[in-house]
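K.L.:
If you want the building blocks of each chain, they are given just below.
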Amino acid sequence: MEMMRSSMLLALLAAAAPGVTSAEELITRNRVGPSDAENALTFRLTAFDLYSADAATAAAFAEMFTVFIEANPGWRIDTQLQTGAIAQEQARIIEQTRAGRGPDCAMIDSSQLATFKDAGLLAPMTAFFTQEEIDDLFPFVREGVTDANGDIVALWWFTDLRVLYRDTTLVPDAPQTWAELQKAALSVANQGLEGVLFNAGRDEAAAFDWLAHFWAQGGELVDASGRPSFFEGENRDKFLNAVQFYVDLVESGAAPRRVTSLASYDDLLASAAAGSTGMFIGGNWMYGQIQNTMPAEQAANWAVSELPGPSEDTRATGTGGWTIAALTDDPAKVEICAGIARLYAGPGNAYQGLLPTSASLYAEYEAFAGPEFEVFARALENGRARPGVPIYPEISEQIQILLGNVLSGSATPEAALDAAAAEVMAAFERL
Amino acid sequence: MASLEIKRIAKTFGAQSVLPGISLEVPDKEFVVILGPSGCGKSTLLRIVAGLEIASAGSVSFGGAPVDHLSPGQRNVAMVFQNYALYPHLSVAANIGFGLRRATLSRKEKRAAVQEIARLLEIESLLDRRPSELSGGQRQRVAMGRAIIRKPAVFLFDEPLSNLDARLRLQMRAEIRALHRKLPTTTLYVTHDQVEAMTMADRVVVMREGRIEQIGTPDEIYCAPQSIFVAQFIGMPAMNIVSARLDRSNSALTIAGERFAMPEFWPDEKALDGEVTLGLRPEHLSLSRTGAGLRANVDQIEPMGSETLVYLYHHGTRLCARTPPETRLASGSEVKLGLNLNRAVLFDPVTQKALYRPNPYESTTGETQWK
Amino acid sequence: MVRSRGERLSDIAVYLAMALLALVFLLPILWLLSLALRTQAEVFLGAARFIPEAPTLDNFASVLRDGGFQSYIWNTVKLSALGAAGAVGFAAPAAYAFSRFSFRGKGAMMLGILSVQMVSGLVILIPLYRMLDRLGLLESHFGTTLLYIAAGVPVTIWLLKIAFDTIPQSLDDAAAIDGLSRLESFLLITLPLAAPGLISAFILNLILNWSQFLIPFIMLSADEKWPISVAIFRFAGASSAATTQLLAAACLLAILPALAVFVILQRWILAALMAGAVKD
Amino acid sequence: MQREQPGRAALPWLLPSFLLLALFYLYPVFEALRLAFTDARLFDATTTLSLGSITGLWGSAPLATVLRNTLAYTLGSVLGQLALGLCIALLVVRAERARLRGTLVLRTIVLAAWVIPAIANGIIWQLLFSEAPFGAINSALRLIGLAPVAWLSDPGNAMISAILATIWQGTAYSMILLYAALRSIDQSLYEAAAIDNATGFERFWFITLPHLRPALLVNAILIMIMTLNMFDTVLALTGGGPGRATEVLSLFAYNTVFRGFELGRGAALSLLLLVISLVLTVCLTLLLPKGRK
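Protein chains in written order, with our numbering: chain A, 1 to 431; chain B, 432 to 802; chain C, 803 to 1082; chain D, 1083 to 1375.
Be careful, since some hints might not be right.
Chain D regions said to be covered by chain A (calculated; three or more residues, Cβ under 8 Å) [unchecked claim]: (1) 1174 to 1184; (2) 1214 to 1222; (3) 1229 to 1236; (4) 1332 to 1345.
Hints are computed from structural coordinates only; laboratory data are not their basis. All values derive from a computational prediction rather than experimental measurement. For every residue, glycine included, the Cβ atom is placed at its ideal position computed from N, Cα and C.
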């Protein structure tokens, strides 16, 4: 989902940009297809593809949608834009759907999918996918989109993951372990720059990026029944280890204290572009942004590698991404929605260079041939999705607060963990 | 044109009673001034007549017909306010013509009516101005113009001159009277200024704490007050009030041991015997150095130009005498006071009401004899 | 008037203090301007490039060229103006009643209205969201305008009451005697005379509405309906670092209309603020 | 026509705005009250009556922190705005008396900050306080050889930063109110004091301050209530972080509803906000000069 927040230029301003020229009247600001079509489907999407500020992206998607709508005569898609404020957007979709005014089809962030499943708002789509397609999904993806009845209720059309970026002129070799990372960062810091940056402010990104370090040790946020368990038994030690990793980075000076004010990947990218940091932990999509925002020779200095783990062979990375799901009971509309989802998962993904959610797509599209994708593919093997439980937003909130308190020195890791555990369990009781 | 009848009008604001029940009749075309200290309820009474306030009880009739159910606009009254209440956003002409909005007149007729009024009040040259561009006197005229254009049954004035300077007030007094002569209309005029009351009224109504103290012509009010309140409220300086004892059998009036002969025309009533309060206007006291009279000490003198007021103490009672302009006396010096008992008023010291009042229209001359 | 040496020294001190304060209050906006005039590369040079070496208007141009920005501004103007007009329209009769009638519980009601003003939008927005939803007014400028009006009414009643209080009651009496009904005298006499107060209240509402964030943030999800405050917040959350200069330009352009209205109509705004201040 | 009975006559005049306020304030407040006694969630259609939302708050650690933050933020902002507002108002009045030019410019600049939407204010100050090497204030500090300051990442500093941003924007309001109060002080009092040979400080202490006291008190409470309910600036500036260091009650309520989706708990929190505001309102009415009622 972070991908969405930090997409390229002027996401918002672009949202209102006049449509696309290649499709003439078929695609407008709020509609795809002829305005007098007998069937209409409302589709809530983000402003990063069909209505992208990047003219080329918008044109490519317009063409895909044109092909799609021509293959489905009699249909019109009424498009509704949503923003990057994921929590609010999801809350809004749920409110509206319950009031009967929700979209028929919507992009839903993978981290929110559990909430939607839980609320019983999603229409089964199993009938519109082949068993082959379903089997080809990465396991964590398949698990995420399957509801209690075993039905597929959404298509997870792209995934993302966290990686380590480094300026090779400052850090020639990719650190493989926490210790190596700290050492490399310290050597950069000794040159008067910032060693390594990561999100640790009040944002989901901070919690999610950090969770990789917890997961790398095999930590679990919730137990099999969905009850929070990150503060108990072995999980507790793993949790504290991962916190201590960040604490050591900050205390040693390898990372600046200001990480607690970083709440967006944009801040990381800005520091990279300003040449003031040696490394940062970011999302895979930032690779493309680096190429776009930095002059070519500067961009060439930046390399990507798997997140370091406590040891070289214990690694993990958080995987997110977006899904498309149907919120209507009308099977005809569900089918169109599934078609749109397929469009995004295949050609749409390929065009944007986002990570597919099934192995076969890697082979199918040439776009996934670059060297960075080898890194991503390898990292994806260690991919962990957020647990699909309704308590997750609260756990994330408490981790954000914990990181802020510990890294700013206002609490010890142990005390902060106890406080977070108490809050999470209280909220869990209220669920 | 109509008479005005006020019957047992009462007004309470919350728990506070402003008017306990007041009745008053004003014959057609009469100019009646309601005079009283501030807070006596006179303005409230006026506003009830206008219909701006609703009486708690009682009734108001114009020409015999009750108007209590009518709105101010339907009562056919006109009112001139203390601050003129001209509409600041309208021209003088529009202000004057405002009351004609509902009248079934053509625009031309209305304009003619405004012109007519303006000529009458000599404000024709001001018709296009805004009220803010007018002087106080001019505003006063516009306010009157606005009132008279409607040819009201009853004309109401609420302290209309109190915002003017002394010279202008003098002039406007005369003009309002002249206007009333030209357009005789039943008029109720509220003021706290006794000079206005004395100079303008056909009859004066003196009010106090929501009640009428006295109704009468200005002369009656001045010369023959019905109560000590009226006696002291009217006249500048106020009437002198002295305790006395009347012995009818000996035809003698005793003040602080000094005996005076009782005027023969004082009525022979038993009620007059004993303790009374004597009221005498300052002009009915005379001073001499040696002659007969009350012994008094000069406190202070106020030369006024046309006369000199002498303030004195007699046994702790402060008195005032109006004397010829050339009178000059040193403070503390002792004088003798002569009393013109022919013009004296006698009050009951307990009820404060008049026991005997001289006839204001009959001039009785002659000095009281020293016995 | 001859001023003494001491007075002249203290004048200089006053000047210095004024200049310093002006600078403190101006600098943030100047920094915004500085960012908005920079190229992306210069943004990363921080304060060293307070005065950009190669100032560019490209950032403003690309913000202004965008259809979205125009629609945000238009939406803001529309919501602010309709909300302000509505607040004045609703508040005026009530303010007139509070100014002209005496009735039981008047003081308590006035205080009640004042305390309504204290109710945070946070308290009521979720129930309101559901209510507007049931009424079918969600996602509409009409429903949102109603909320703007409701938000503005309490303070506007107070402002207008103070304005009406300054108009002599005797004008109402005169109008009544001239045959006007209460309503006519309100419309023909009181309102025209209270025009300065009405305008002040309107402009104050306008400016407050311009800043309104919570109501449109919750009530409007379609970006073509957003006012600029919501758009700017969304933009700040969705921009990438490469667009700080664009964010600055958009921010500056977003506050510019309010600033312009304010500077031009300063007198009225001050009048409204000060009317509340000196009334005692 | 029967002349209107005063009480009944007022009703039609009051009705439109009363209906509006009842619909958009009273009803939602009662609805919020009802929600506070449920376990309502944004995502959950089924709600049951429960005291959990309220009892869960009682003595909870985050609430204690949040209330402490709220107190610090509100007091700091209010005192800062009053003090700075008074300084500027005194300066402007002093300059106007001496017929110095430029008072209008200063007044306009200060008031301009007030016109800026709070949300934009938060964004502007985020740019200013940015601790990136190219952040406005820190890069300026570095330019003159000073160490950068952890404006937003240090818990204590973050609160101060939030207060500074709020003061910058809000001072204009108190300045105007105090300016009006200053202007309404009878000049002859100062002339009399000058004849009595009073020093400048004595004039301020014995004339200005006593005359300003009602205005200061009333404004303090008004600004306090406004600050208490304001969350836009903090939301855009720090989002409540680091940790909970700048999470004030209004933002906490907002986060509870829109990040935690706990409607019932959020309603309980917002009602707490309302209660505090109402208590302050009552204080305000007690402090108001009598005639104003």
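K.L.:
For the region 1332 to 1345 of chain D, do three or more residues have a beta carbon lying closer than 8 Å to a beta carbon of chain A?
P.N.:
The restraint on the region 1332 to 1345 of chain D holds, since 6 of its residues have a Cβ under 8 Å from chain A and three suffice.
K.L.:
Tell me if chain A covers the region 1229 to 1236 of chain D under the three-residue, 8 Å CB rule, please?
P.N.:
Three-residue rule met by the region 1229 to 1236 of chain D, so holds; n is 5.
K.L.:
Three residues minimum, CB to CB under 8 Å: does the region 1174 to 1184 of chain D make the cut for coverage by chain A? Let me know.
P.N.:
violated (count 0)
K.L.:
The region 1214 to 1222 of chain D covered by chain A? Criterion: 3 or more residues, Cβ-Cβ distance below 8 Å.
P.N.:
holds (count 3)
Violated hint: 1 only; the structure is consistent with all others.
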